[in-house]
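Fit chain B to the supplied structure of chain A, relying on the hints for placement.
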Amino acid sequence: MEENASHHVATKTFVFVWIALLCLTGLTIKAAQMQMGEWSMVANIAIASAKASLVLWFFMHLKYEKRLFKLLLFVPIMTISIIIVLTFFDIWYR
Amino acid sequence: MPYARIFVLMNETAHIEHRDYATAKLGMWLFLFTEILLFGGMFLVYAEYRQLNTADFHEAGREMNIFLGAANTVILLTSSLTMALAISAIKKGMKIRSLLFQAATVLLGLGFLVNKYFEWSDHIRKGLYPDSPVLLAMSHGKILFFGLYYVMTGIHALHVIIGLSVIIFMFVLTLRGNISGTDYVKLENTGLFWHIVDIIWIYLFPLFYLIL
Numbered sequence: 001m002e003e004n005a006s007h008h009v010a011t012k013t014f015v016f017v018w019i020a021l022l023c024l025t026g027l028t029i030k031a032a033q034m035q036m037g038e039w040s041m042v043a044n045i046a047i048a049s050a051k052a053s054l055v056l057w058f059f060m061h062l063k064y065e066k067r068l069f070k071l072l073l074f075v076p077i078m079t080i081s082i083i084i085v086l087t088f089f090d091i092w093y094r
Numbered sequence: 095m096p097y098a099r100i101f102v103l104m105n106e107t108a109h110i111e112h113r114d115y116a117t118a119k120l121g122m123w124l125f126l127f128t129e130i131l132l133f134g135g136m137f138l139v140y141a142e143y144r145q146l147n148t149a150d151f152h153e154a155g156r157e158m159n160i161f162l163g164a165a166n167t168v169i170l171l172t173s174s175l176t177m178a179l180a181i182s183a184i185k186k187g188m189k190i191r192s193l194l195f196q197a198a199t200v201l202l203g204l205g206f207l208v209n210k211y212f213e214w215s216d217h218i219r220k221g222l223y224p225d226s227p228v229l230l231a232m233s234h235g236k237i238l239f240f241g242l243y244y245v246m247t248g249i250h251a252l253h254v255i256i257g258l259s260v261i262i263f264m265f266v267l268t269l270r271g272n273i274s275g276t277d278y279v280k281l282e283n284t285g286l287f288w289h290i291v292d293i294i295w296i297y298l299f300p301l302f303y304l305i306l
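Going line by line, the protein sequences match chains A and B. Counting in the numbering used here, the first sequence runs from 1 upward without gaps. Counting in the numbering used here, the second sequence runs from 95 upward without gaps.
Isolated chain A, as found in the complex (with noise of 0.2 Å):
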């Protein structure tokens, strides 16, 4: 554990993540004007989930962290996935 508590990330990384998240937010609120119907949802969704991920990944450190952080982060969201899946299931074969 102390070689990754004491793990510097360089300024540089951090500031690169930012642009990239703010790129994101630009490209979010373009996939949304292109009235797509309901794709422009599915779009802003992967869209939010990447920037959720280089969130995680960097910002809070998993990239460098014991696989037991980034295997025990699959829980919450497999469950809330299943939960949202099988709620679905109910509402389009009912």
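Keep in mind the hints are simulated off the structure, nothing from the lab. Glycine included, C-beta positions come from ideal geometry on N, C-alpha and C.
If we take Cβ atoms under 7 Å as the criterion, some of the chain A residues that face chain B in the derived model are:
| id | residue |
| --- | --- |
| 1 | Phe14 |
| 2 | Leu21 |
| 3 | Thr25 |
| 4 | Ala32 |
| 5 | Val55 |
Coordinates of chain B only, in the frame set by chain A:
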């Protein structure tokens, strides 16, 4: 064992500082998972009601001010950057630099809340608040949209307020030297909380402001 020896032992143990870096972080991540589930439940309700009231949600979404929403997104993303920089500064032992970045994070967070204030007062002026006569006269789907809007952005704003309070507390601890280049897990965990608040906003922005 002679009493004197026990006394010495007790004195020695009293001075050992017990720190467990990995466990402190693991505990914070477990708490963050409960936050993901808390907002996840609300996202589920949103997804179902949107599916059942698509047209109403799109119409109600036009009431949102995209500019204010986008401005708040940029503010929160920038505050996440300053928080990350505050942590990497303290890790290198640069106290003043860390304090400046923590102060910048607090100012950006306050900016977010000021924006939110203008946004909500604009809706309330138009009569769009829970249980208002204007809103109750609207269709079922629109009432649901504004209900979800107030609950989800409201609970998110509450998280921003809590996050800001904790960062201010950490600022004082850094100033006093309790958080330093050798002991910074408290600041790191505060940063984790601040970033999860940012991530939740990343999803709230397209769901409420970008349904055109």
